[in-house]
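Q: For the protein sequence lines, the chains are A, B and C, in the order given. Just so you know, the numbering used here puts 245 at position 245 of the first sequence, and the rest follows in order with no gaps. Just so you know, the numbering used here puts 387 at position 58 of the second sequence, and the rest follows in order with no gaps. Just so you know, the numbering used here puts 614 at position 40 of the third sequence, and the rest follows in order with no gaps.
It should be emphasised that the hints constitute simulated quantities derived from the structure, not laboratory data. It should be emphasised that the depicted structure is a prediction, and the values quoted were computed from it without experimental measurement. Treat the hints with care, since some could be wrong.
[Claimed, not checked] Restraint ranges, calculated between C-beta atoms of paired labels, are given here:
{"#": "1", "chain 1": "A", "residue 1": "Asp181", "chain 2": "B", "residue 2": "Glu561", "range": "44 to 54 Å"}
{"#": "2", "chain 1": "C", "residue 1": "Leu859", "chain 2": "A", "residue 2": "Ser265", "range": "43 to 53 Å"}
{"#": "3", "chain 1": "A", "residue 1": "Leu142", "chain 2": "C", "residue 2": "Leu664", "range": "38 to 48 Å"}
[As the list claims (entries may be wrong)] Which chain B residues face chain C? A few, computed with CB under 8 Å, are given here:
{"#": "4", "residue": "Tyr417"}
{"#": "5", "residue": "Phe425"}
{"#": "6", "residue": "Pro426"}
{"#": "7", "residue": "Lys427"}
{"#": "8", "residue": "Glu432"}
{"#": "9", "residue": "Tyr439"}
Virtual Cβ for every residue (Gly too), placed ideally from N, Cα, C.
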Amino acid sequence: MIGLASYLVFFLIQALIYSVVSLGLNLQWGYTGLFNIGVAGFFLIGSYTFAILCGPPYATHLGGFGLPWTVGVVAAIALSALGGLIVGLPTLRLREDYLAIATIGIAVTLQLVALNARGLTGGSRGAESIPRPFAELVSSNLWNNVVYMLLMVLIVVVIYFALEAMVRSPWGRVLKAIREDEPAASSLGKNPFVFRLQAFVIGCAIMGLGGALNASFVGFIAPTDFLPIFTFEIWAMLIVGGSGNNRGAVLGSVLVWALWTGTGSLTQAILPSGLQVKGGALQIILTGLVLMLMLILRPRGLMGEEAVVSRDADVGGDVAAAASIQESR
Amino acid sequence: MSADGKVALTVDQVVAGYVPGVDILRGIDLQVAPREIVTVLGPNGAGKSTLIKVIAGLLRVRSGGVRLFGEDISHLPAHRMMARGVGYVPQTQNVFPKLTVEENLEMGAYVRRSELRKGLHQAYELFPDLARMRRQAAGRLSGGQRQMVAIARALMLQPRLMLLDEPSAGLSPLLVNHVFDKVREVRDIGVTILIVEQNAKAALAISDRGYVLSEGQDRISGPAQELLENPEVGELYLGARKGLA
Amino acid sequence: MGQYIADGIILGATLSLGAIGLTLTFKILRFANFAHGELLTFGAYFALTLSTVLAVGAPLGTLSFGWGFILVILLAAVLTAVLAIVVDWLVYRILRRSDIVATIVIASFGASLMLRNIVVFIWGPQPEYYFHSIAIAKQILPGVRVTADEIFVVVLAAVLMVALHLFLTRTRAGKAMRAVSDNALLAQVTGINVQNIIRLMWVVGGTLAAIGGVFYGITVQVGPNMGFNLILPMFAAAILGGIGSVYGAVLGGMVIGLAESVSVFWIDPAYKPAVAFLLMFVMLLVYPGGLLGERA
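When you get a sec, could you build the whole thing from the sequences and use the hints?
A: In structure tokens form, the structure reads like this:
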């Protein structure tokens, strides 16, 4: 019973950490239409920032500042926001695909840095013994997890309500207007680039926060945590839950994380140990399949997109142009 | 039906639109006789471009029918329409900019490969300027030259009917007359022509008959000369023009 | 230095072939296909399996392989083209109807991961080699040593590029493909069957990607992540050359190949994969149209 409860707590904490990151992506993709497939990179910035600032002194790499938990979290948010600013400035003016390519490039580059800049990150061996908050107050591992879970619930609720307030504010309505009809939005005197950049940077900051929370919870990070598969999982979560819907982002995170761990245990249970690597591959294939089916059958996700702005009928001549590549009748 | 035998194009009570529930065309009737030039006029938003897209097969008919020499073509997709002898010259982006002039013309004969040589010969005869520029990329030509390439390209099909969407758009008055002279030459080799235009004067000057659309319906029709002199046409127009300014 | 330039050209051959398909997809279907790298991977693995099944014959001269391997490459290309069409039919064709362009890019990202793991599932995660003999490098210029296999790769890449040029400028189908990439709507009303051209595009892109993958397998090694590791340099090549320009993709592939290879003079080789990305980033900043792209 305790075993199951502690597993559930563990599961929920992970799902909530994913929820934080998905909420960040939802602001970028769901509400602004920004196509970030370098989520792992911003998550990485947050993780390592926190580890370096709050972790113990490391023999071979930077650390030992012993800063308080909150300082580490704030720094993680600030640095990933800065990363978002640097990537967003040159690319947000270009076609959406360029942002995709640029963000994945950043993620790959950062992962290379994590792997090779041993003096900074510890290289392939990663950074360990990253502290948790309240560790000295609650000694039991289970209760410590429960406290952390409550903290995560609090953080997700705060982010959720903050994002809801933002997307319903005039600022959020401009975002959506830009996403749906950029020329119309710019003709109203709103500079789409500035709004996009703001949304992108805030989204990256939230991803960085997720990274810090993850590093603090797991206590150990390594470059392999930040491979493109991480970005893929977050996207799957958002698409399954329903992009453009913050509740969907959270729901999707829980469901896809359940699917991910479920298929993981299943393949582990079924396949003999010699085939474990193939089991891992199968796990990714199955999750990919769910994402694909979702995209094809229910592109708006389980929750669907919430109407924040009333849609005006858009009667345009470019319907024919948009149909240009469509199937012939 | 028997009357259709002498009619090149019949548009019969056509209703169409882009967005569900919003009809742009609300029951249009129109006929074009073989070797006739007919101009469809109307203020912005009257449904002119929509009408031409319906005839070209780019937009589905919601109700009503389109017949080409008596044959129902209202449910054919665009690329099938070409094989039936409908040449379409869109208003904008009507050439392949990176292809040479000659390659543009070749694409015009894509569905009728056997006609390629004959078509090229005919096109260069009708548009001698293009023969000189055959190896140039079409994207580097002037607006007027591009319009010629577009018309010549549509002619490569040896079409029975040619649809022109605002051929005068963006051209200087001198060029407009030149383009319309060429349109008349195209008719003279046996092609039936339907033009959709805002520039009423220039278009009606070469046309046999005209229709005036307003709010998705044909309001006035008659011989070109009559329409030019009809004060009601001027009113519909001037009113719309004022509204635009 | 000369050696690094030679190595850069050899890598450039793979990148150029891959970038051609990428730029065509970007221009004709208007999306960045992240699964394009996996076409290289599959091409390489198809050839791996075929070369064990078919008799490749005795090695020709100083090459590591016999005539049969040419047949193997061709068959691998055919299989990869079929795979490209199947993926398009199963996924992209359906998503093209969606009004959101980016959905299809996400799908391609997902397809990339799935295909990569299908490779792991079928062939396993370990790196593979086509030939187990060690190719002997000969000095062709002072300080430049290359193997006969590498010369084969560069020569065949050049032949393929000339063939592609002739296809695009001399054949009816090639011209129609350029027409669709220029203006798909006009192509449609001209009577060109755009769906057929899209299939043709996958055949061309898939074939060249497969051969690029085999080249990488010959000159480096075959592995499940090879295509993914090459996708960024290929994107960089396509963007550097100018999106939509086939000649730009070839040029971009060579520039990126050379830059990555020569970069080891200045930076830690571990960061080689980031070089392509940095070049692309700079290009996007100063001249987003690319070297041979359209003026905006």
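Q: It remains to establish, for every hint, whether it holds in the given structure.
A: Going down the list of hints, with the structure as the test:
1. A/Asp181 / B/Glu561: 44 to 54 Å: About 37 Å separates the Cβ atoms of aspartate 181 of chain A and glutamate 561 of chain B, which means 44 to 54 Å is violated.
2. C/Leu859 / A/Ser265: 43 to 53 Å: 46 Å, holds
3. A/Leu142 / C/Leu664: 38 to 48 Å: 46 Å, holds
4. Tyr417: With Cβ-Cβ at 5 Å, under 8 Å, it holds.
5. Phe425: 4 Å, holds
6. Pro426: 6 Å, holds
7. Lys427: 5 Å, holds
8. Glu432: 5 Å, holds
9. Tyr439: 5 Å, holds
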